[in-house]
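Participant: Chain residues, written in single-letter form:
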Amino acid sequence: MNTVLSPAWRDACQRNRDAIPQLTWLTGLRDSALSLLSSRGLPDSGQEDWRYTNLADYLQRGAAGLIDPDHANDSAAQLQLILDDGRAVSPVAGAHALPAGIELYSLRELGSELRDHAASLLAGKDREGEPPALAALNLALLSDGWYLRSTSTATGTPPALHLRLAGSRAGIAQLRLLVDVAPGSRLNLRIEHQGPAGTLANAVTQIRCGAGSHLDLLRIQDLPADSLLTETTQIELDADATLAATSLDFGGQLVRQDLSIALSGPGAKANIHGAFLVDGRRHVDNHTTVEHRAPDTSSREIFHGLAAGHGRGVFNGRIIVRPGAVRTASALNSRNLLLEKTAEIDTKPELEIYTDDVRCSHGATTGQLDANALFYLRSRGLGPAEARQALITAFLHATLAQIVPEDLSMQVAARLQARLAAMSKAAS
Amino acid sequence: MQATPLLTIKDLRVTVAGREILTGMNLVVNAGEVHAIMGPNGSGKSTLAHVLAGREGYTITAGSAIFRDQDLLAMAPEERARAGLFLGFQYPVEVPGVSNVYLLRAALNARRKARGEAEIDTAQFLRLVREKAKLMQLNESFLNRGVNEGFSGGEKKRNEIFQMAVLEPVLGILDETDSGLDIDALKVVANGVNSQRGPDRAFVLVTHYQRLLDYIQPDFVHVLAGGRIIRTGDKSLALELEAQGYDQTVAAARNQSQIAR
Ligand SMILES: Nc1ncnc2c1ncn2[C@@H]1O[C@H](COP(=O)(O)OP(=O)(O)OP(=O)(O)O)[C@@H](O)[C@H]1O
Ligand SMILES: [Mg+2]
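Top to bottom, those sequences are chains A and B. In terms of my numbering, the first sequence is residues 1 to 428. In terms of my numbering, the second sequence is residues 1001 to 1261.
Isolated chain A, as found in the complex (with noise of 0.2 Å):
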C-alpha cells in the first residue's frame, strides 16, 4: 500500500513545473516524475523498505510549507562551497576561483551543451528500474540545482572540495548536486548536511564515475537537534573507475539515507564505509544497494552502527550480482555496538545472486564494549568514560582512516571524540 499523493503535494508540483523560467529543460523530467508519484506515492511504513522509518510527521511538516516557496531566495542559500579559509560563498556568484579542473554550476545557468549530461543523471533509476519517489518529488519541486564536473588529472591526493547543502525551516529543501567524474579524472568530495534547529531537507546526490577515474567522497550529517532528512544517493562506475565513499551520521533528529552504488563497468571497485551515532532519541536509517553489473567488479562495505540511549539505529545493506558479472568479489559487513539496552540497532544484509563465479560475503554483529577489554583499560589507570571512549573511537577506527586526506581524516575524528564526549555526558 502506498499513500496517494495528495493534492497539496500535486498542486505544489504543478505549480513549480514552469515557474522558473532557466528550468523549463526540465519539464518533460518532471513530468514523468508527477506520473510516477501519482502512481507510486510517496514511502509509506506500509512499504517493506520504509519498514523502520516512518516519514508521517515529516511530510506533514514538508505538506505546511509548500505554499509560495521564495525562489528566488532558496537557491543561492541552498548549497554553498567552503573555501580554504573557511569563508563559505555561494557558486551561483561564480566571483571565485575553483581548483583546476572543477567547473561548478547552478542549474540555472547550466550551458546547454552540459544539460544532457545533467538529464541523465537526473533521471536515475534505482534497482527496480525507476527514479526512487524521493528523487522523483525532489525532481518536480525542485527550484535549483548543481551540477559539478571534475577534469581534474592532478596526481596524489588532492584537497577535498567541500559543499555544505542547507535544508531550511520552512518545508523540505529540495537539494540536487549533480557530479561527473570525467574518465580518467579524480575528485576528492566532501559534502556536508547543514542547517538551522529543525532543518527539513530532501537531499539527491547523482555522481557518475566516468571509466578509470577516482572518487573520494565523504559524507557528513551532523545536523542539529530535531532535523530531518530524507537522502538519496546514486553513484555509477563506469569500467575500472574506482570509489571510496565513507559516510557519517552524527546528528539529526529522523535521518533516511538511501546509497545506491553501481559497478556497470569491468573492473570497477567500491569501498564503503559508514558508521552511525544515534542517542537520545534520534533514528537514523541507512539503506544501501550495490549492485554487480559487469564482470570483475568488486565491492567491500563496511557499516559500524553505535547507540545509546533510546536511540535507534537500522542498516539494511543490499547487494545484487546482475546475470553476467561473473567474478564479482564482494563483502558486506555490518558491525553494531549497543552502549546501552534502551538502545536498538536493526540490521540486515541482503544478498540477490543471479550469477555463478562470485565470491561474496556479508556479516552482521550487534554487542556491546567487551567489558575483558574495559577492565583491562581501568586497570592501567583510564577512567570508565575515557575507557569507553578509547573503546568506541577503536570501533570506528577503520572508518576514519579512508579518509583523505590524513588532516581531514584527523579533523573528522577530532569531531567524532568531541561527539562522543557530550554523549558520554548525557549518559552519565
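By construction, these hints were calculated from the structure, which means they are not laboratory data. From a predicted model like this one, the values you see are computed outputs, not experimental measurements.
Calculated Cβ distances over 10 Å to all of chain B for the following chain A residues: (1) Asp31; (2) Thr53; (3) Ile67; (4) Leu110; (5) Pro224; (6) Asp226; (7) Glu350; (8) Glu406.
Within a straight-line C-alpha distance of at most 25 Å, the following computed SDA-like cross-link-like pairs (lysine to any residue) qualify: (9) Lys1187/B x Gly1154/B; (10) Lys425/A x Ala1106/B; (11) Lys1113/B x Leu391/A.
Glycine included, every Cβ here is placed at the ideal spot set by N, Cα and C.
Position chain B with the ligands against the provided structure of chain A, taking the given hints into account.
Facilitator: Just chain B with the ligands, lined up with the frame of chain A:
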C-alpha cells in the same frame, strides 16, 4: 629498620558464582619486598590478583585489603591504578584499535591529573616509552600497534612488563608473567622487574616455576591452596615444591584442618 606495609590483606573471603574461592586470605607486603605466590591450578591465585585490581564479578564476603593506608576494596579499578597498583594479567587482553602509546599516555596523564599535575610533555613521553621499550627489547613497531593485538603469547607478557616499566607502580602484581616465555624472554622480563626493584616498591609474583625465582630473588615464597596461604617460606620452599609437588604441603595443611577436604 621499620617495615612499611604497602598492602595488608586480612581474612579475605571471596565468592564467585556462589562458590567461595578465597577462603580467608592473609598477606602483608612491605615496601622493598618481593613475594612469590605458588599453588595448584584453580587454587585462587588469579582470583586474588583480580580482586586486588578491582575486577567485577567477585563478591567479597569478609575481610579487608589496605593499600597504602587506603581501603583498596572500596576503590574503582582506575583509582587503584592511579594509587600505584599494577596488575600484569595472566591473559593480557587484546584491545584492537587502541594503540600501546595511546594507552600509556592516557594512563600516565590520568595519574598526573589525579595528582593535580599537568599532562606529560610529548617529547618527554616518547623518550620514556622508547627507553623502556629498549629495556624490554620490544621493537618500537609494537608501540603503535593495537594493545596486544595479534601479539604472540610471549610478546603479550613482555608488553605487560613494558607497561609496568613505563607506569612505575608502587606495587606490581604479576600473574604468571613467566608462563609461555622462552628462556631469553624470561631473562628480559626478570631484568625488567629487577630494574624496578627499590626500597619503596614491592612485587607479588604469581608463578608455577621456580626458574623465574632464579632470576628474581624473592624475599618470601607462599603456597596458596584452597583459597588461602597454607605455607610461607623463603626461596628454598620453591625448590622443595619443584622437587616434590604440592601434595605433601596440601596434605599437611589439611591435617591441620587449615583447608577444607
Ligand atoms: N567467573 C567464574 N565463574 C566460576 N568459577 C570461577 C570464575 N572465576 C574463577 N572461577 C573458579 O575459581 C577457581 C580459582 O580460579 P583462579 O583463576 O583464581 O585459579 P588460579 O589459582 O589462578 O589457577 P591457575 O594456576 O590455573 O591460573 C577455579 O576453580 C575457577 O574455575
Ligand atoms: Mg591463574
